[in-house]
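Novice: Below are the chains, spelled out letter by letter.
Number of protein chains: 2
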Amino acid sequence: MTETPAMLAARHAPLIADAIAAVETRRHWSPFRDSPSARFHAPGAPEAGRAAFNARLDRRFALDQPGITGWIGEEVSPYTRRPLGISYPQSDPAALIAAAAAALPGWAATPPEQRIALCAEMALRLYAVNFEMAHAVMQVTGQSFTQAFSGSGPNALDRGIEALAYAAKAMRDVTPEARWQRQFGAEDVVLAKQYRLVPRGIALVICCASFPTWNAYPAMFASLATGNPVIVKPHPIAVLPMAIAVAACRRTLADYGFDPDLVTLAVDTRAEPVARRFIDDPAVAIIDFTGSPAFGGELERSVTGKLLFTETAGLNAVVLAGAEDPAAVARAVARAACLYSAQMCTSPQNIYIPAGGIQTPAGPMRFDDVAAAIIAAIDEIADAPASAAGIMGAVQAEASCDIVRALEARAGQMPGARVLRRPRPYAHPDYPEARTMTPLVVAVPAGAEALYGAEHFGPVLFLIAADDAEAAIDEATTLGRRHGAISSYLYATDPALIDRAADAFAGAGMNLSINLTGAMWANFAAAYSDYHVTGLNPAGNACLADLAFVAGRFRIVQNRRPALPQDHAHAA
Amino acid sequence: MTETPAMLAARHAPLIADAIAAVETRRHWSPFRDSPSARFHAPGAPEAGRAAFNARLDRRFALDQPGITGWIGEEVSPYTRRPLGISYPQSDPAALIAAAAAALPGWAATPPEQRIALCAEMALRLYAVNFEMAHAVMQVTGQSFTQAFSGSGPNALDRGIEALAYAAKAMRDVTPEARWQRQFGAEDVVLAKQYRLVPRGIALVICCASFPTWNAYPAMFASLATGNPVIVKPHPIAVLPMAIAVAACRRTLADYGFDPDLVTLAVDTRAEPVARRFIDDPAVAIIDFTGSPAFGGELERSVTGKLLFTETAGLNAVVLAGAEDPAAVARAVARAACLYSAQMCTSPQNIYIPAGGIQTPAGPMRFDDVAAAIIAAIDEIADAPASAAGIMGAVQAEASCDIVRALEARAGQMPGARVLRRPRPYAHPDYPEARTMTPLVVAVPAGAEALYGAEHFGPVLFLIAADDAEAAIDEATTLGRRHGAISSYLYATDPALIDRAADAFAGAGMNLSINLTGAMWANFAAAYSDYHVTGLNPAGNACLADLAFVAGRFRIVQNRRPALPQDHAHAA
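Residue numbers (UniProt numbering), protein chains in the order written: chain H, 1 to 572; chain Z, 1 to 572.
Hints were generated in silico from the structure; no laboratory data involved. Just so it is clear, the structure is predicted and the values come from calculations on it, not from any experiment. Keep in mind that a hint or two might mislead.
As the list claims (entries may be wrong) - Which bits of chain H does chain Z cover? Going by a derived footprint, with three or more residues having C-beta under 8 Å, they are: (1) 70 to 82; (2) 525 to 539.
What the hints assert, rightly or not - The calculated DSS-like cross-link candidates involving lysine-lysine, where the alpha carbons are at most 25 Å apart (straight line), are: (3) Z:306 with H:306; (4) H:306 with H:169; (5) Z:306 with Z:169; (6) Z:169 with H:169.
Positions of the beta carbon are idealized from the N, C-alpha and C atoms, including for glycine.
Go ahead and model the full structure; you've got the sequences and the hints to work with.
Specialist: Structure below.
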């Protein structure tokens, strides 16, 4: 017997209930395993995933969507430096918009719980092909295989299901009908009212190059669940993960009798970007953007009359005032700075260390000793090819390497700045051609904002000699207000200082991780528990995920009429 | 013993709980009586209210707020045509913004439940002075005393408490803290997380001239409850109600030890409007606007980087396809058209009647007979001074009378248009000088959009000879999509037609009232039950009230740190 959408909704209801409980308690939960270890997965799954990925190479990516005018693709692996050779259907934007508009009424009329369940099903199916996805993400972004498997797989799908939880909460908050009774003078007025949830229109999801799925899934699911068709615009150098995702969504929709054109892919090239065609179209009512502060800021300053959700980037700081275990803190900072070669929106860049040293149980630890400990921890990662490969992966774009090299040159000419560690490559054990770069580390005096006062997208750490911890907090929050910040970090032993810092970072609208060391990456953000991006500083206006991320994606339209006599009786 | 904010929060908790139950069930509920009948109110309350209002006249309105540079006031009563003689403190916008910014941190640090309770207390105190408020609203807007008492009093306060209910729901949805535990490899990571609700910034509330309190209270309370200071910018011809409201809010805040500058009044004149000074200030993060489509549209097209909530106006239609009781329907249409001389955002303007007549139990009723019935029902109201005064009140601005007179002249020159009823004044029993105007009624052929294809702010009804009911629905929804619509009305006996109409109006994002006759005004919108404005057409982008009206007014900032050992034990 074929599973109907209603049966699917019943099947996934417990999953959504669990997700709602998770976001309300903010406790750890996930329906997925985020380790690629073979013992968590079906026999043969890793091999099948690799084979599926390999079968994608050097051919057209089959996607039967409307308005195809040609085939394009310009992805190059940062590991092999060779083109993937995959071409994707390029559709006329007008055709994609028309197809989405045509699909909208049927989707809008679908019960919300079924739409939510369809999205949950998409997530589960994407989890089922996660080994393939991991290879795809790895080869277009440069993420390590492990990180691509977890961060761009289950962790990203969790963000999507988290958005579903909020969509369910927001939509369930609207009763579909009511009986309203009130006396007007001598007359007893009894009305039957109906409240319909109506989608806003077509939703555009613009994905970033380095971590495409993580922001895309919540945006796609939030819009789809609330009834809005979605057009996915991947970055032209990182199409494959989103093509796989769009294909899975389309197949899921079709399998349950829905119009697959509810999810389409808008591929473009760097030379001929196509996003504006969608952004400016009146039928596009929702835009989710992840990417550069330049384009994101332009959208934030120009888009009106549409919902706009952005995540761009920030200037993430570590204030290192004290440590119970300095070696553990140095390791945590080094790991966070090395992870994916600092190409994450949560990667720290500016490390404030009091010029007079940090507090430790063994007494003050000098600035240079702290710096040496951090560099030693970086070297420990960088000098072991297997750990370097697993943590740093590859650098997606040569431009990032150029940025870091230019910073090194500028640091060499700046009085007071000291290059403590050069940004040398490491030899990837599997991919000798991989574009790799281990972190540049520069010690700078406070005030050298010409070097560290902006975000540099690439592996670089500035160790800033702050007057003291208070000055460090002050400057980190000042720069965060000005340039944005997504993740901030504090290491301190003084409880009063920690309290003051928590207030100061909150006052600047900056999330703060305090004294995180050990097995968990300090810059790991857990779906269902960690709110990602506050919306209070220039790093973005949207949060993954809160009610505000979904509540505006649908509207309510009502009608009311005199209740029939039987309604009177029923309600009595 | 002085009541503390915490005690206040405990005292008002049941009120908020009831309000939340009301918005969730959408059943009738109100903590207030909306009739001015003496039996519902304390002895002497009506007289005290009148005396309080009279004592306001011809003097300065005492409001001890920052930056006062002068005293201005240009209100004229539409009933007496004489200036009220009240002058209000004009404050330097920069001083109001600075004062609000200075008040923000203390308010942001106040527990949300206390902020909500403070707003509830403001509402209750405003209810306690509602007789005074009714006179104030009446004399600046032209509303009848009864309507000013109910519509601008309890009904408006209910809208405010409704917004508080949503603010409570949205803020309570964020747990203040969590304990998060997860295995990473062999390590059991246990984190303590804190989630703070952080206001966006200063909120500006721009009020309309004709019904200032109704939209202002929900906007003010939604922003205040979520931690944002509020600057109220009343329309210069209708300041007094908002001055009374702001004074009450300030007194409430001060009584409980809070900074009264959390609520201030920004008075201006028509000659020198001041709204832009606030709109363009970076410290202003939220704008609630009620007023003209021209200014509202300008804001919708230009404001970026801030939350903007608008309600402007629409082209409200009645589709009259059939009636069980044609006289009752004619009365309902006439009453809705006469209420406050059609100066309400819910007033109908375009009445579609099939040229071939409407369906009734006695067979088809001809277009001209339907028209005659509506006009007879209008005359019944207009010709009895007491009912005219109670229903129509006065016309606030001479411009509205000019609009209607110009329409009459144009209709006289348009082939096929017939002026069926001239817009004559009625003699107000208490105010011989009152600016009154009973509705102009013009019969027009379908397609005469040069006359009826835009909103005319004044008492005018177009009876449009539609080809049939389907054509009427089609045109009403087409014009609604183009010009916006806030309330739409259908009278029909054919259930299949009603279903089709419900779908068509929902498809156009238009709320629909079906077959409403009798004691309740067809254009009465009930707080806690009727969603007001869909946000899906040009009549406004915000809804009173839903989660989206409040969910974005605050943001979430978190911190996380290793849990202390005792936290492990507690949670086990």
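Novice: Which numbered hints are broken by the structure, listed smallest first?
Specialist: Hint 1 contradicted; others consistent.
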